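*Asks:* Chain by chain, the residues:
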Amino acid sequence: MSAEAGWPLYEVFVRGKRGLNHVHVGSLHAADDSMALRHARDVYTRRNEGCSLWVVRSDAIAASSPDEKDPWFEPSHDKVYRHPTFYDIPDDVPHM
Amino acid sequence: MIDHDNAYGGLVEARDDARWAFGTGFDDPLAGVDTTLPPGVDGGALAVYCLMLADDALVASQRLAQWSTHAPELEEEVALANIGLDLLGQARLLLARAAAADASVVPALPAGSPVPPEDALAFFRGASEFRNVVLCEIANGDFADAVARLLIFSTWRLALLQRLRSSADPVLAAVAAKGANEVTYHRDYAARWVVTLAGGTDLSRRRIAAAIPRVWPYVAELFTGHPTERSLVATGVGVDTAELRPDFDKVIGTVLHAAGLPVPDIADAVGMTGRDGAHSAALDAMLAEMQDVARTHPMGRW
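These protein sequences, in sequence, are chains A and B. Heads up: the first sequence at position 79 corresponds to 79 in the working numbering, and the numbers run straight through without jumps. Heads up: the second sequence at position 151 corresponds to 247 in the working numbering, and the numbers run straight through without jumps.
Quick caveat, the hints were computed from the structure, so don't treat them as lab data. Remember, it's a predicted structure, so these values are computed and weren't measured experimentally. Worth double-checking, as some hints may not be accurate.
Selected chain B positions facing chain A (Cβ under 10 Å, derived; list incomplete) [as the list claims (entries may be wrong)]:
#, residue
1, D198
2, F219
3, F220
Over the 10 Å line for every Cβ pair with chain B, so calculated as not near, a few chain A residues [said to hold, decoys possible]:
#, residue
4, W7
5, N21
6, L28
7, H29
8, A30
9, A31
10, M35
11, R38
12, V43
13, H83
14, D88
15, I89
What follows is a list of derived Cβ distance ranges for each label pair [claimed, not checked]:
#, chain 1, residue 1, chain 2, residue 2, range
16, B, D336, A, H24, 23 to 33 Å
17, B, P360, A, D32, 44 to 54 Å
18, B, L170, A, N21, 24 to 34 Å
19, B, M395, A, L20, 28 to 38 Å
20, A, H95, B, P206, 26 to 36 Å
21, B, V389, A, I89, 52 to 62 Å
Note that the Cβ used here is the ideal one computed from N, Cα and C, for glycine as well.
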């Protein structure tokens, strides 16, 4: 069975060795979740990129529409007061 | 940077990996490994043993590389290439160990040739000097043949590497420890595909049901110990391959049972003793392609 004939699309997320969160790296076709994980391992971690993988079927992701980009995201551009810049962050608090 | 002149360079050197988005953080499988020959070990026999294990990996790797642009799916093509490259890495370490244990096994090249010993062994030996088991060299058939051979080969090699991890030769032990992880994945990959094909369409089931009996005649050779292997068992360097059969039968039995396929009961391929350099014509053709460029340029720097 070829991908065109029906293997669904999956999105792949990799957590790097020095990363804190899983990052979207791309997509692939697979017959089921188990095969998708293995394909992700073979295609996206072969250069030692990661230590954890997530895959999720693309059709399970609800995404914002590019057409609504401005009404959705433009209003936050000039709200500087939403950034808590007046706090002193202690030196030993990482990843802020 | 990777030092291409030193087989161990890629494993040993600490590198700045800042240019990689995720970092590399490669571990060195030979860190702290003493590469001097252990006392009481016959360098000549160790070299021959390393050639056997190296040639199995090298020839299997080349067959997997031949799948490039031919695999049924892009993702499977990358997977087969990854597995081939894992085996190529094992072959390189083992060929380098063979050359270090006994320099006389390395083919002579023109004076001043920059070709390193492990490359000379890979590209300048004829088929009769290769010591791989015949299973590794038979021509690629369809995808079912590929996963059937990979299941047989990786099940056997994993059992071998698991025992070789406690070899008296620290280099063999380190190579085996590194390789066992790799081959564990190869076996999982092949076993899953055997079960998947068997449970798929009528066509896929027919293909895998035909492929298993096609590779089965080459199984017996895997467990026929060569005199050199047996001599190294006594000194704790080598593994008695005959001892691996129960582990092999158990794993293959489990996979074939899950696939609903019978364990073949058919005769061995007779007269095949790849360990002594007796090979099928398929190896000549494969080596002619693999070695052509290197042999045309014995003074080449790559």
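*Asks:* All hints are to be evaluated individually against the structure, with a verdict given for each.
*Replies:* Status of the hints after comparison with the structure:
{"no.": "1", "hint": "D198", "result": "violated, 34 Å"}
{"no.": "2", "hint": "F219", "result": "violated, 25 Å"}
{"no.": "3", "hint": "F220", "result": "violated, 30 Å"}
{"no.": "4", "hint": "W7", "result": "violated, 8 Å"}
{"no.": "5", "hint": "N21", "result": "holds, 12 Å"}
{"no.": "6", "hint": "L28", "result": "violated, 6 Å"}
{"no.": "7", "hint": "H29", "result": "violated, 7 Å"}
{"no.": "8", "hint": "A30", "result": "violated, 7 Å"}
{"no.": "9", "hint": "A31", "result": "violated, 8 Å"}
{"no.": "10", "hint": "M35", "result": "violated, 8 Å"}
{"no.": "11", "hint": "R38", "result": "violated, 7 Å"}
{"no.": "12", "hint": "V43", "result": "violated, 5 Å"}
{"no.": "13", "hint": "H83", "result": "holds, 27 Å"}
{"no.": "14", "hint": "D88", "result": "holds, 30 Å"}
{"no.": "15", "hint": "I89", "result": "holds, 25 Å"}
{"no.": "16", "hint": "D336(B) x H24(A): 23 to 33 Å", "result": "violated, 49 Å"}
{"no.": "17", "hint": "P360(B) x D32(A): 44 to 54 Å", "result": "violated, 29 Å"}
{"no.": "18", "hint": "L170(B) x N21(A): 24 to 34 Å", "result": "holds, 27 Å"}
{"no.": "19", "hint": "M395(B) x L20(A): 28 to 38 Å", "result": "violated, 51 Å"}
{"no.": "20", "hint": "H95(A) x P206(B): 26 to 36 Å", "result": "violated, 58 Å"}
{"no.": "21", "hint": "V389(B) x I89(A): 52 to 62 Å", "result": "holds, 59 Å"}
In the structure shown, a violation is registered for the earlier hints numbered 1, 2, 3, 4, 6, 7, 8, 9, 10, 11, 12, 16, 17, 19, 20, in ascending order.
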